[in-house]
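Trainee: Residue-level listing of the chains:
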Amino acid sequence: MENLLKIVGVNKTYLQGQIEVHALRNIELQISEGEFVALVGPSGSGKTTLLNIIGGIDSVDQGSVILNGVDMTTMSESALSDFRLYQLGFVFQAYNLVPVLSALENVELVMVLQGRTATERRQRAEHYLQLVGLGDLMNRRPAALSGGQQQRVAVARALAAGPRLVLADEPTANLDSENAGALLDIMHRLSREEKTTFIFSTHDPRVMQRAERIITLRDGMITDDQRVLTAT
Amino acid sequence: MNTRHNHLPFSMLLALAWRNLWRNRRRTLLTLISISLGFALAVMFIGIGDGSHNSMIRNAIKLGDGHLVVQPNGYMQSPANYKFIADGQQINAQLEQLKIPASIQPRVTLQVLASTASNSVGAALEGIVSSDDPRVELLRGKLLQGQWFESSDKRGVAIGEGMARKLKVSVGSKLVLMAGTQQGDTQAQLGRVRAVFKSGIEELDNFLVFADVSFAQQFLIGEGADANAYPVTKFAIFLQNPKDVQFWKNRIDMTLQASQTVVLDWQTMMPQLLQFVMLDDAGNYVFLILIMTMLVFGIVNTVLMSVLERTREFGLLRALGLKKHQLMLLVLCETLLLSLLALLFGWVLGGGVHLWLSIHGLDLSSMMKSGTEIMGTFMDPIIYTELSWNRVWQITMVVFIATMSSGIYPAIKTARVTPVQALRT
Numbered sequence: 001m002e003n004l005l006k007i008v009g010v011n012k013t014y015l016q017g018q019i020e021v022h023a024l025r026n027i028e029l030q031i032s033e034g035e036f037v038a039l040v041g042p043s044g045s046g047k048t049t050l051l052n053i054i055g056g057i058d059s060v061d062q063g064s065v066i067l068n069g070v071d072m073t074t075m076s077e078s079a080l081s082d083f084r085l086y087q088l089g090f091v092f093q094a095y096n097l098v099p100v101l102s103a104l105e106n107v108e109l110v111m112v113l114q115g116r117t118a119t120e121r122r123q124r125a126e127h128y129l130q131l132v133g134l135g136d137l138m139n140r141r142p143a144a145l146s147g148g149q150q151q152r153v154a155v156a157r158a159l160a161a162g163p164r165l166v167l168a169d170e171p172t173a174n175l176d177s178e179n180a181g182a183l184l185d186i187m188h189r190l191s192r193e194e195k196t197t198f199i200f201s202t203h204d205p206r207v208m209q210r211a212e213r214i215i216t217l218r219d220g221m222i223t224d225d226q227r228v229l230t231a232t
Numbered sequence: 001m002n003t004r005h006n007h008l009p010f011s012m013l014l015a016l017a018w019r020n021l022w023r024n025r026r027r028t029l030l031t032l033i034s035i036s037l038g039f040a041l042a043v044m045f046i047g048i049g050d051g052s053h054n055s056m057i058r059n060a061i062k063l064g065d066g067h068l069v070v071q072p073n074g075y076m077q078s079p080a081n082y083k084f085i086a087d088g089q090q091i092n093a094q095l096e097q098l099k100i101p102a103s104i105q106p107r108v109t110l111q112v113l114a115s116t117a118s119n120s121v122g123a124a125l126e127g128i129v130s131s132d133d134p135r136v137e138l139l140r141g142k143l144l145q146g147q148w149f150e151s152s153d154k155r156g157v158a159i160g161e162g163m164a165r166k167l168k169v170s171v172g173s174k175l176v177l178m179a180g181t182q183q184g185d186t187q188a189q190l191g192r193v194r195a196v197f198k199s200g201i202e203e204l205d206n207f208l209v210f211a212d213v214s215f216a217q218q219f220l221i222g223e224g225a226d227a228n229a230y231p232v233t234k235f236a237i238f239l240q241n242p243k244d245v246q247f248w249k250n251r252i253d254m255t256l257q258a259s260q261t262v263v264l265d266w267q268t269m270m271p272q273l274l275q276f277v278m279l280d281d282a283g284n285y286v287f288l289i290l291i292m293t294m295l296v297f298g299i300v301n302t303v304l305m306s307v308l309e310r311t312r313e314f315g316l317l318r319a320l321g322l323k324k325h326q327l328m329l330l331v332l333c334e335t336l337l338l339s340l341l342a343l344l345f346g347w348v349l350g351g352g353v354h355l356w357l358s359i360h361g362l363d364l365s366s367m368m369k370s371g372t373e374i375m376g377t378f379m380d381p382i383i384y385t386e387l388s389w390n391r392v393w394q395i396t397m398v399v400f401i402a403t404m405s406s407g408i409y410p411a412i413k414t415a416r417v418t419p420v421q422a423l424r425t
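Line by line, the protein sequences give chains S and L.
At position 90 of the first sequence the residue is numbered 90 (the numbering used here), and the sequence of numbers has no breaks.
At position 279 of the second sequence the residue is numbered 279 (the numbering used here), and the sequence of numbers has no breaks.
Chain L extracted, bound-state conformation (with noise of 0.2 Å):
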């Protein structure tokens, strides 16, 4: 009985893998181009969706309070005028001795009642370190009347289109904030307006009021805080690096253990954002599902063409000594190098456009003139499509799998043909 089995190099497998899949040339080019389309297009949807997704949510962090907030315990389930950090200097201190490459902007949030002569309406007032804060950084160049007031001036503030409509005020007009204290009397603050802003975010427009923050400590005071200890409601930190948030954050919450204090991160404090994105992002995946259930139907079709006009051969490479499971390898090895090619092909094609508009941008602004607020944030009219290596790994190996398991049927049909049966066709 002979014990000898039959070798078949990988080098001989493709090598005539390559050449059976030129041998129509025309199919394969055809086939390789509407993967490649699919593929650069699902590049370029996922790097739109990217893009669209983190400027927004580098807007919703600037809008708000940075990637990480050090704030009283219970003061995000139940915020109150009550709950503030007594000592901040010291809490200050302590942040600064971390050397976190930040911003750390000290704030006063206060929920009051602002009144004119004419109107009342409830509003948040934001005690803010203007000279440096994010937030005045982004507004400074949505302002429809007015400067921004400078850091000296402890009587000015800043107020949306919204408010400036409902309170009939412009520059210039006194405003006074009215909060309650714990206690139950009422205290009060004059303001004068300095600036009208239209940030198109209704949350911001309609409620937010801008002031320094010494002017709305002042409130803190009335509560019974220690105008020497810098009572603030929280610090608002805005890391250089937003990968590093996890890390700061574990930083952080160990170095304030004592205090009364907690660290939350961004996606904490904005969970509808963070659904949104996911939701939208499931929709880009459903989008990419769809794509390459029509390539993978393409491509099973080309293979499984290209293998039907080759019964006869496979019957002969049987007959010669060939193996089902090496017969199923070339199928699955052209399969790969169609794969591969399209993959390049697809890079090539789908990574360039995502360079020429991650450099110069895709501008919707002709289709967003209605205003582009989402979740209580902004997307940028231009968007610049973002890719990180980490979805460049997933759409290749989602793209991959998909054209590789396209050949399976193909491969599992050619393992049936018999010889006798494929001689005689």
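Looking at chain S on its own, in the form it has when it is part of the complex (with noise of 0.2 Å):
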């Protein structure tokens, strides 16, 4: 598989009030096009802001990040937006979705910014709501749809975009097990059909259950990295 992520000697220091934390030390990581990936480890081991950083909404202190060729770290903050836009995805953990916008809506969003037209928006987003089962409900606001509901839209509107990545930050940690299930059933079954990566951060064991690589944070390092056989 072709080479889509590069991480080299990435290290992330915060001021947390007087005290230094070192987020991130020393991080060497290369993802392939198409791997499911999960980050796994306990709180403040790194992981939401490895992700971050992945996702051009962090910067890093040292080392570079280089997606699809191009190295992250160098860009200019308007050529970080443009890059997100067109090249990453994101689910995040909670309040994913613009509330005045219905489902449809939202996930036009993106592709309204990247300039497509409202035909090919229309279809493309119906489509996606459709693949994650929300055919039904996509002229709803985010306020009348469940918590796992709307990480489904977040999704559909992170694939919709068609993104090389997507960044998925905890996305079950709100949802109860029958739809943190069906959630990462749908991220799986699209990482496959669309061929696009995901890489999401979770300590929840059901996640990690059906990621085909699992890399491990403690203290800002990487302590594991391992290929697994999916139970799906």
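Just so you know, nobody snuck in bad clues.
Some but not every residue of chain S turned toward chain L, in silico, with C-beta under 8 Å:
#1 Asn52
#2 Asp58
#3 Asp82
#4 Arg84
#5 Leu85
#6 Phe90
#7 Tyr95
#8 Asn96
#9 Val98
#10 Val110
#11 Leu113
Computed far set for chain L versus chain S, every beta-carbon distance over 12 Å:
#12 Asn73
#13 Ile104
#14 Arg192
#15 Val296
Quick list of simulated restraints, FRET-style, between CB atoms:
#16 S:His127 to L:Val392: 50 to 60 Å
#17 S:Leu15 to L:Asp280: 55 to 65 Å
#18 L:Asp280 to S:Ser59: 56 to 66 Å
#19 S:Leu15 to L:Asn301: 30 to 40 Å
Simulated from the structure, these hints should not be mistaken for laboratory data.
The model shown is predicted, which means the values in this text are computed figures rather than measured ones.
Ideal Cβ placement from N, Cα and C applies to all residues, glycine included.
The task is to assemble the complex, starting from two chains supplied on their own in separate frames and drawing on the hints.
Mentor: Shown next as structure tokens:
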């Protein structure tokens, strides 16, 4: 498989009050196209920081993050915005959606920014909402959807924009086991069908079971990286 | 390297802004009501201010020498009985040739001594053509005694209540008017009081003596004027359209260039009144600024609260690819819509009150019992609000700019949101 993401010598330090916190220490990582990767580790191990850095919404102190052959650490803020728009999809833990837009409009939003035509947007948005099982609820606003349904809309939005890589930060943290399982199934299926790379952080053993590769972080360092056979 | 850029169509921006505005319906409605009420108040007060100023100006023009006056050079700086337009006939003919849509009134204005057997007082004799002089029209309704003299009445005079009291005269009494000539002689004319008026303006009631122009012209003849040339002190011009003052001033100036006269507009003749109006206007503007300041803080509070509540959402939008300036535009669009709605409601409310008051008037007579004299003129006790298009535009722009500027700080605050910080909240 072709190499999609390469992280070289990434260090990141935060100041938490007066205390310097080493969030990431000398991270070296390569991820290939189409992989379904879980970042695991206890709270404060650096999972979210690493995802934010890969997503270009946080900066590095040292090192480089090369996505699809482009070093994101050398980009201006504006160029990073454009890069995120076309190359990356995000699914956050909660509050993923714009409350004043319907599910359909939320999925269309990124495609509007991409400048796609109204017809193409509508077709893709409807297609992905149907894929995540929300064909009947696409005109509902987030407040009228359950937590699991909202996360599925976020997955549909992330995929409809046609990114190379989808980053999901604890996407199942607020879901019950039934909804978490369903969301994971959808993400895994779409990863295979769409050949989209997924990296998600989690402490949830149910999520880990479905990952094809599990990278363990502890105190900002990668302590384990293993490929596993998935349950599905 | 990706060189494609994002596009956020204005229609999408407006749609998002509109929906965001109504997320907290009650807060938006309360803000709208407060802006609209403030705006409506401003419209009403400025309408009342303009209405009362215009009423004062109209009355001052009627009681004074019209919108424009043609008088001898230097008369305004030092008025004297010997300064007059000797050939009034010719000037009148020239003015008539211009076909000015106006009433042109020949007048003789003299400084005299009014005497009776009881007393003597300094007075200003105003010789007028009483049949169609706007001043007569105004004072006819304010007579305490008698009837206004007719044009054919060559001895009749009308005086104010103050002068009548000082001279101890009433209707039918004799009044001797005396004036010195440039040569040092004294000349006198005998008049008979036909009417006593009370305008409420001290200057008029204590000092003015009205008589027919031919009566007053006798004094000019005594100064050496040719009776056949129709000598007068001035021609007062009352335009049908007050907006044409400058146009007709220029035309008359050009026409009368060769004569020893000067054309003055009412602003030049009554600088104190103009200053008073400007000062009062400034007061109104201070009031408007105060209202706007309160409104701006109200809007800043509303928009800022709505922005702070959405920090996480802005972080999400930034993570998805929206740029700083697009978030700023979104917040400014929300302020724009709020501002436009407030202007609409404000105009409906303020404009409605203004329309009603412009037709029915605001009756302040109970508050104005002590008199309505201001700056040598008077204010009608019923004020009809007035707003020129210029004023409508001014008020609209002031409110629009004030409300829009109140969106700047929240917009800047929004642009400062970094996705990583916002998503952590």
